[in-house]
Amino acid sequence: MTMKFLGAVSGMAIVASTAAFADGHASPEAEVLHYWTSGGEAKSVAVLQEEFAANGGTWTDMPVAGGGGDAAGTALRARVLAGNAPTAAQIKGPAIQEWYEEGVLADISAVAEANNWSKILPEAIAGHMQCEGTWCAAPVNVHRVDWIWANAEVLSANGIDMPTTWDEFNAAATKLQAAGVIPLAHGGQAWQDATVFEAVALGILGSDGFRKAFVELDMDTLKSDDMVAVFDQMRTMRGYVDENFSGRDWNLATAMVMNGEAAFQIMGDWAKGEFMAAGKVPGEDFLCLSTPGEGFLYNVDSFAMFAVDGDDKQAGQALLAELVVGESFQEVFNLNKGSIPVRTDVALDNFDSCAVLSADDMAASNEGGSLLPSYAHGMALRGAQAGAITDTVTAHFNSDMSSADAVQMLADAIANSM
Numbered sequence: 003m004t005m006k007f008l009g010a011v012s013g014m015a016i017v018a019s020t021a022a023f024a025d026g027h028a029s030p031e032a033e034v035l036h037y038w039t040s041g042g043e044a045k046s047v048a049v050l051q052e053e054f055a056a057n058g059g060t061w062t063d064m065p066v067a068g069g070g071g072d073a074a075g076t077a078l079r080a081r082v083l084a085g086n087a088p089t090a091a092q093i094k095g096p097a098i099q100e101w102y103e104e105g106v107l108a109d110i111s112a113v114a115e116a117n118n119w120s121k122i123l124p125e126a127i128a129g130h131m132q133c134e135g136t137w138c139a140a141p142v143n144v145h146r147v148d149w150i151w152a153n154a155e156v157l158s159a160n161g162i163d164m165p166t167t168w169d170e171f172n173a174a175a176t177k178l179q180a181a182g183v184i185p186l187a188h189g190g191q192a193w194q195d196a197t198v199f200e201a202v203a204l205g206i207l208g209s210d211g212f213r214k215a216f217v218e219l220d221m222d223t224l225k226s227d228d229m230v231a232v233f234d235q236m237r238t239m240r241g242y243v244d245e246n247f248s249g250r251d252w253n254l255a256t257a258m259v260m261n262g263e264a265a266f267q268i269m270g271d272w273a274k275g276e277f278m279a280a281g282k283v284p285g286e287d288f289l290c291l292s293t294p295g296e297g298f299l300y301n302v303d304s305f306a307m308f309a310v311d312g313d314d315k316q317a318g319q320a321l322l323a324e325l326v327v328g329e330s331f332q333e334v335f336n337l338n339k340g341s342i343p344v345r346t347d348v349a350l351d352n353f354d355s356c357a358v359l360s361a362d363d364m365a366a367s368n369e370g371g372s373l374l375p376s377y378a379h380g381m382a383l384r385g386a387q388a389g390a391i392t393d394t395v396t397a398h399f400n401s402d403m404s405s406a407d408a409v410q411m412l413a414d415a416i417a418n419s420m
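Under the working numbering, the residues of the sequence shown are numbered 3 to 420, in order.
None of these hints come from the bench; they were simulated from the model.
Mixed in with the good hints, there may be bad ones.
[To be verified] With a cut-off of at most 27 Å between alpha-carbon atoms, the simulated BS3-like pairs for lysine-lysine come out as follows: (1) K45 with K282; (2) K282 with K177; (3) K225 with K214.
Every value quoted in this text rests on a predicted model; they were computed, and no experiment measured them.
Please build the complete structure, drawing on both the sequences and the hints.
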């Protein structure tokens with residue numbers, strides 16, 4: 003079932019062209035809707051604004067707070083319904099195709115072809131940016147979702163190494179709890195619950211099992227004993243968070259690890275952007291390691307361009323698309339954001355050890371067939387199916403529901419969403 007964003011909305015797709023800008027008849031303008039509002043994220047988007055301005059563009063910022071982008075999605079739908087679409091919006095995964103199906107996206111193929119995107123982007127990620135053979139979005143970065151972040155001093159003081167299995171994680175958490183340290187910094191928001199869940203699922207199901215469950219929606223896998231084990235581990239982890247976790251923003255959970263109030267956080271590498279913005283040093287102040295298990299869950303930020311009138315706005319779209327995939331911006335932005343470049347030809351000499359580990363793991367996972375889209379962050383599934391999974395995960399995490407009942411609820415919810 004395709005989620006309909008707008009109902010009866012129609013519009014002719016337009017082609018973003020640099021022509022108007024090039025002949026001097028238009029000055030690039032862009033109103034950009036995004037949800038990069040935390041400290042590290044705001045610093046990162048400022049890099050894009052500065053580069054846009056340095057190339058003669060006028061940027062109008064429209065940030066919408068709310069990690070995960072739900073609030074931004076609501077604001078975007080309202081704008082498009084009102085016939086006042088922004089020039090560009092931060093959208094990702096299958097949502098790009100959903101907007102394309104509504105006939106409201108611009109075609110930026112001219113920019114993509116002029117800048118050889120098909121040669122410099124990983125094939126799997128390039129596929130997310132294309133709509134029926136045309137380029138309809140520009141990728142910004144690659145975030146890894148399945149990370150464990152830790153306070154180095156807290157672990158050292160308690161004689162704990164970074165865990166490489168879930169049993170090791172549980173043993174470390176129990177020891178930390180006994181020492182009066184919160185084992186797991188977590189915010190009780192649905193998308194954060196889902197982030198932890200899919201990291202646990204990757205470790206327990208393996209990459210093939212994860213793909214079957216959360217990309218292919220295979221019912222046998224969704225109802226398997228291994229899925230029961232995933233929910234069992236989630237129930238264990240519920241006991242490692244503090245009583246004030248409900249509603250906490252993700253960056254506040256990161257701050258708990260920074261200040262030593264908590265030992266671990268399971269979060270994508272946008273968390274690293276918070277550490278770095280605070281002047282923390284990887285390997286010294288904080289530690290990073292992939293969550294237990296093999297594989298790499300990716301989350302790719304991207305900008306889709308909307309069909310708008312006016313040479314200035316169309317020139318702005320072309321400039322924005324060219325800049326975000328440009329080699330210079332890819333390096334500077336991702337150094338600030340905590341992610342890694344989406345381009346495969348950007349040198350990592352200036353990147354930290356966590357980023358180098360991420361890039362190496364991505365290459366190995368791509369080679370081994372375990373490079374997988376994150377369901378929790380909108381890369382693997384359309385909204386209805388992803389929402390059905392997350393609703394079940396959150397219901398289980400915040401109640402005494404048994405794992406067996408959660409698995410049945412999961413299967414039923416997905417079946418009803420299709």
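Do the hints match the structure? See the list:
no. : hint           : verdict
1   : K45 with K282  : 15 Å, holds
2   : K282 with K177 : 25 Å, holds
3   : K225 with K214 : 11 Å, holds
Violated hints are absent here; each numbered hint is respected by the structure.
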